[in-house]
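Engineer: The primary structure of each chain is shown beneath.
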Amino acid sequence: MDEINIKIEIDNDNSKVNIQGLPDNPVEIDFSGDVDFTELVSALTKLVDDSKKVVLEKIDSVEDEKLKLIVETISSIFEKYNEAILKTDVTDVSEDDDLPF
Amino acid sequence: MGKKYSDWLKIDLHIHTDWSKKTKENDYKGNFSIPTLKQKLTQNGVQIFSLTDHNIINIDAYKEYYEAYNEETDPLLLIGVELDIVVKSGATDKTYHSLLIFNNPCIEYAKDISQRLEDKYTELSIAEKERQLTIAEIVTIFPEDDFFFIPHAGNTKSIVGAHKGSIEDAQKMVLLMQSAFEKVPEKARQKYNEGFDKVLVEKFQNKDDHAYIEFTDNHNIEKYPCPNKGDDDRTHDFYYVKGGKNFETLRLAFIDPKSRIKSTSGINEINKISNFIEGIIFEGDTMLMDNKVSFSPHLNVLIGGRSSGKSLMMTILGDKIDSITIDKSRYRINYDKIKIKTKLDSNYSNVASLQKDDIIFITQGQIVKYFEERKLSDLANESSKSEEYKFAKSKFTEHKRSLEALVDELKSSFQSCEENASKRYVLHCSTIDSILNKNFILTFDSNPILDDTDNSKQIEETKKIVESLNKDVPLFRDSKILEFQEEEKKVIADFIDLVNSKREVLQKKEDRNSRKVSFVNSVTEVIEEKNKQLNAEAQQKTESKKLRQKLLSDCSTIFSNSVNLKSACDNLETFDYSLTQEVEINQSVKLVLEVEDLVGQTIKSSILDGINNCENEKSIYLNSLGLLSSAKSIKNYDTINAENLEKKIRRQLKEIFDKLDDPKDYLKYSDGETSKKNSPGYNSEKYLEIILKNSKSKVVFIDQPEDNLGNKFISENLVEMIREIKFQKQIFLVTHNPSIVVYGDSENVIIASNDDGRISYKQVVLENEDSQKDICHILDGGEYIFDMRAKKYNIRRILKEPQNG
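Chain order of the listed sequences is A and B.
Numbers 1 to 101, taken from the working numbering, label the letters of the first sequence in order.
Numbers 1 to 805, taken from the working numbering, label the letters of the second sequence in order.
Hint data in this document are derived by calculation from the structure and do not stem from the laboratory.
Here the structure is a predicted model, which is why all the values come from computation and not from measurement.
Idealized CB from N, CA, C, for every residue including glycine.
Treat each hint with caution, since some may be false.
Stated by the list, open to error - Coverage of chain A stretches by chain B, computed from C-beta distances (three or more under 8 Å per stretch; other residues unrestricted):
#, region
1, 30-43
2, 63-72
3, 78-87
To be verified - To give an idea of the interface, some chain B residues facing chain A are shown, with a C-beta separation under 10 Å as derived from the structure:
#, residue
4, Asn-439
5, Asp-445
6, Thr-453
7, Asn-513
8, Lys-516
9, Ser-518
10, Val-523
11, Lys-541
What the hints assert, rightly or not - Pairs of lysine-lysine, DSS-like flavour, derived with a Cα cap of 27 Å:
#, chain 1, residue 1, chain 2, residue 2
12, A, Lys-68, B, Lys-463
13, A, Lys-58, B, Lys-532
14, B, Lys-546, A, Lys-68
15, B, Lys-530, A, Lys-16
16, A, Lys-87, B, Lys-463
17, A, Lys-87, B, Lys-502
18, B, Lys-530, A, Lys-46
19, B, Lys-545, A, Lys-16
Put together the whole structure using the sequences plus the hints.
Structural biologist: See the structure below:
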């Protein structure tokens with residue numbers, strides 16, 4: 001299975017988290033107020049068709065509580081994505097069912 | 001042997017013999033002989049003729065002809081003469097020529113006529129070549145004789161020229177003598193008719209029934225049928241009279257020339273009738289006398305007393321024509337003993353083949369029944385249009401269902417609105433404050449992503465199609481009835497492979513879709529879990545945001561429901577419940593099924609009538625909102641709900657539903673008129689008129705057309721119509737009405753009689769005087785009609801004599 005390496009960069013000056021490595025433009029998450037993940041999930045949903053696993057590069061430790069929660073959430077989202085991708089292929093099951101015995 | 005009905009006979013009443021040379025200088029060319037005459041007449045098919053020399057009767061020729069006369073095969077020779085008639089007009093006398101054609105064709109009478117004529121000339125001391133007589137003298141010679149007066153009325157020796165200055169006298173004379181004009185060019189006849197109309201009382205004007213006829217005026221038998229001596233290349237177009245070889249045929253022809261005199265072109269026109277029923281043979285049935293009845297291609301009437309077998313004949317004819325279905329159970333006869341023949345058939349057989357569209361067959365009382373009992377569906381059935389009628393009717397059922405579906409739609413959408421109507425749409429200040437507090441929360445909106453990516457619905461629909469194909473295509477392949485060829489089987493096998501490959505594609509797509517949806521839902525859970533790690537105020541903010549989202553969602557639902565309710569109300573309000581369907585009965589008549597708009601009653605007004613405090617100027621939708629807010633109520637219902645509203649609407653629209661169940665029917669005639677609002681009698685007349693004038697029909701059968709028709713219609717319209725169409729199509733009528741028989745100038749009168757259960761048919765013709773008596777005996781008023789017909793010009797008024805004079 002192909003893999004995509006994803007890198008997270010934190011821009012404290014502009015209160016942005018940049019997620020790089022996704023096929024389209026990098027996704028930016030603004031953390032100046034409420035933090036919305038819709039754009040990130042939308043980008044990942046498109047990747048489901050390619051069945052590519054995402055691998056998140058290790059991130060340096062983050063002190064800020066808010067940023068810490070954000071990075072954890074991003075990490076959880078990637079995990080959920082990979083879980084979805086790695087689910088057993090339904091087609092194969094269906095073919096097994098069609099076996100004459 | 002001649003035909004048993006009135007047929008067309010070629011006639012030439014103006015043939016000279018060489019005796020004309022005795023009275024006119026050089027007035028004959030070549031040799032005249034009776035054998036040559038007979039040969040020429042036979043060759044040309046002439047059946048009635050006369051030898052009309054100038055002021056003399058060739059008694060030798062008459063004697064020779066009558067002595068060898070064979071009544072069956074030879075042309076009938078009527079006694080005739082061409083007289084020079086003088087009109088005293090001041091200082092100068094003017095003469096004109098006129099034929100006198102006498103009744104009683106026999107040599108004794110010819111001698112008598114000749115003798116009286118010769119005696120008169122002798123008495124007046126007139127030399128042979130100067131012979132002429134006045135009308136008064138002619139009357140004294142032939143005071144009681146039965147003869148026709150046929151004057152020249154063209155360019156030379158014309159009665160018109162001779163009477164110049166007193167033309168009215170000539171006109172009256174011709175009218176009084178019930179005779180005909182000879183030598184009037186066709187283009188001049190209209191002018192002559194107008195002249196006659198001037199001397200007739202109004203009632204007798206514009207009838208166009210003055211007799212014009214043309215003969216050869218042959219003076220050279222060897223070149224017969226040339227006109228005159230045959231010195232130029234002119235040819236003669238023969239005239240025909242309808243009837244038999246008798247003098248009475250001429251009388252009727254001159255009384256009714258429109259029906260009984262035709263030129264060659266006129267005959268060619270009526271001979272265009274391609275097929276007609278020639279005859280019927282009864283042989284060996286116990287109830288019917290053995291007989292052969294022949295039919296005219298024109299008007300055949302069946303007359304007779306009660307239960308004499310008139311309608312039986314119609315039933316027999318109906319049974320014998322393959323395209324007619326008829327109830328023949330009424331008569332206990334053996335139909336197999338009856339044979340029929342059409343003109344195109346070579347022999348008599350059990351059945352005649354005629355196209356259904358060529359025939360109009362109307363049984364007794366059938367027409368008026370349609371209108372009196374409002375049984376136009378019967379008319380459709382009897383016209384073999386029952387399927388079309390059912391189809392047209394089904395359109396009204398469909399229309400009603402459409403209306404019912406709109407009522408259901410309104411009920412359903414009202415119900416949806418009703419569920420939200422009691423809800424409150426509130427966002428508290430504390431909720432807003434919470435949303436605006438400075439604590440952050442994590443957010444994620446799955447809706448736009450799922451809207452974009454979730455294809456579950458389309459996948460499910462496609463799956464059903466593919467599964468259906470997967471199941472049905474092998475059944476299709478294995479069908480024995482379709483008898484697939486190898487190549488076709490290969491196409492099917494390829495298709496099955498294609499379906500299977502697409503099944504796999506679909507399975508993969510479903511799998512991916514499921515992964516996407518699963519992923520998006522799991523993110524929602526992640527976000528919710530992470531938010532739980534935040535402080536109490538932040539969590540409150542999360543809840544407040546959910547409340548706001550719920551408010552938006554509820555608002556969206558109520559607006560969506562309102563849009564649906566408006567659409568349902570508008571659809572109902574604008575539904576056009578009127579509907580018209582037409583079933584073509586024949587080319588001239590359409591049966592119309594119709595639900596018309598009820599005056600002043602629309603769907604909207606009907607529905608609003610069922611709402612208390614309704615606002616008529618506003619739409620059903622706005623009034624429905626009034627119901628939802630309880631500002632209005634449903635009449636006679638305590639509770640406002642969708643179910644009660646539906647019941648009320650159905651009650652309010654009941655009249656419309658009932659009309660769609662039973663649409664009004666009527667006939668639409670080809671002239672644009674309809675049977676609506678007219679009496680059964682009027683409609684019967686109209687229907688009859690329309691079907692008779694249907695140009696496509698070729699044979700018409702009507703059993704007692706006079707039933708329920710007004711006398712005025714019969715005498716003024718029906719008879720005229722019959723006279724007009726009978727030369728275009730064959731007509732069979734059963735009738736008790738003498739006007740139809742006599743004024744209709746039937747070519748064939750079939751008298752039915754029932755002698756102690758044994759039925760027989762006798763054929764007679766109007767030109768036979770004995771037959772006229774038979775007809776008068778059967779038809780009430782027949783004598784009067786014959787008399788009136790003979791006196792067509794109201795002669796007394798022409799002469800200005802007192803009525804009782």
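Engineer: So, for every hint listed, does it hold in this structure?
Structural biologist: Do the hints match the structure? See the list:
Residues of the region 30-43 of chain A with a Cβ under 8 Å from some Cβ of chain B number 9, which satisfies the need for three, so the listed coverage holds. Evaluation of the coverage hint for the region 63-72 of chain A: fulfilled, as 4 residues show C-beta separations to chain B shorter than 8 Å, against a requirement of three. Coverage of the region 78-87 of chain A by chain B holds. Counting CB-CB distances below 8 Å, 6 residues qualify, and the rule asks for three or more. Hint status for Asn-439 of chain B: holds, given a least beta-carbon distance of 9 Å to chain A, under 10 Å.
A least Cβ separation of about 5 Å between Asp-445 of chain B and chain A falls short of the 10 Å threshold, and the interface hint therefore holds. With its C-beta approaching chain A no nearer than about 5 Å, Thr-453 of chain B sits inside the 10 Å limit, and its interface hint holds. Given the 10 Å rule on beta carbons, the hint for Asn-513 of chain B holds: about 9 Å separates it from the nearest Cβ of chain A. Checking Lys-516 of chain B against chain A: minimum C-beta separation of about 5 Å stays under 10 Å; hint holds.
A least Cβ separation of about 5 Å between Ser-518 of chain B and chain A falls short of the 10 Å threshold, and the interface hint therefore holds. The interface hint given for Val-523 of chain B holds, since its Cβ lies 5 Å from the closest Cβ of chain A, which is under the 10 Å cut-off. A hinted interface residue such as Lys-541 of chain B counts as satisfied when its beta carbon comes closer than 10 Å to some beta carbon of chain A; here the least separation is about 8 Å, so the hint holds. A distance of roughly 45 Å separates the Cα atoms of Lys-68 of chain A and Lys-463 of chain B; the hinted pair therefore is violated under the 27 Å criterion.
Taking the CA atoms of Lys-58 of chain A and Lys-532 of chain B, the gap is about 25 Å. The hint holds against a cut of 27 Å. For the hint linking Lys-546 of chain B to Lys-68 of chain A, the alpha-carbon distance of about 25 Å falls within 27 Å, and the restraint holds. Under the criterion of a C-alpha separation no larger than 27 Å, the hint pairing Lys-530 of chain B with Lys-16 of chain A is consistent with the structure, at around 19 Å. Distance restraint check for Lys-87 of chain A and Lys-463 of chain B: the Cα-Cα separation of roughly 22 Å lies within the 27 Å cut-off, and the hinted pair is therefore satisfied.
The suggested pairing of Lys-87 of chain A with Lys-502 of chain B holds, with an alpha-carbon distance near 22 Å, which does not exceed 27 Å. A threshold of 27 Å between alpha carbons decides the hint, and for Lys-530 of chain B with Lys-46 of chain A the separation of about 24 Å falls inside it, so the pair holds. The hinted pair formed by Lys-545 of chain B and Lys-16 of chain A meets the criterion: a straight-line CA distance of about 23 Å does not exceed 27 Å.
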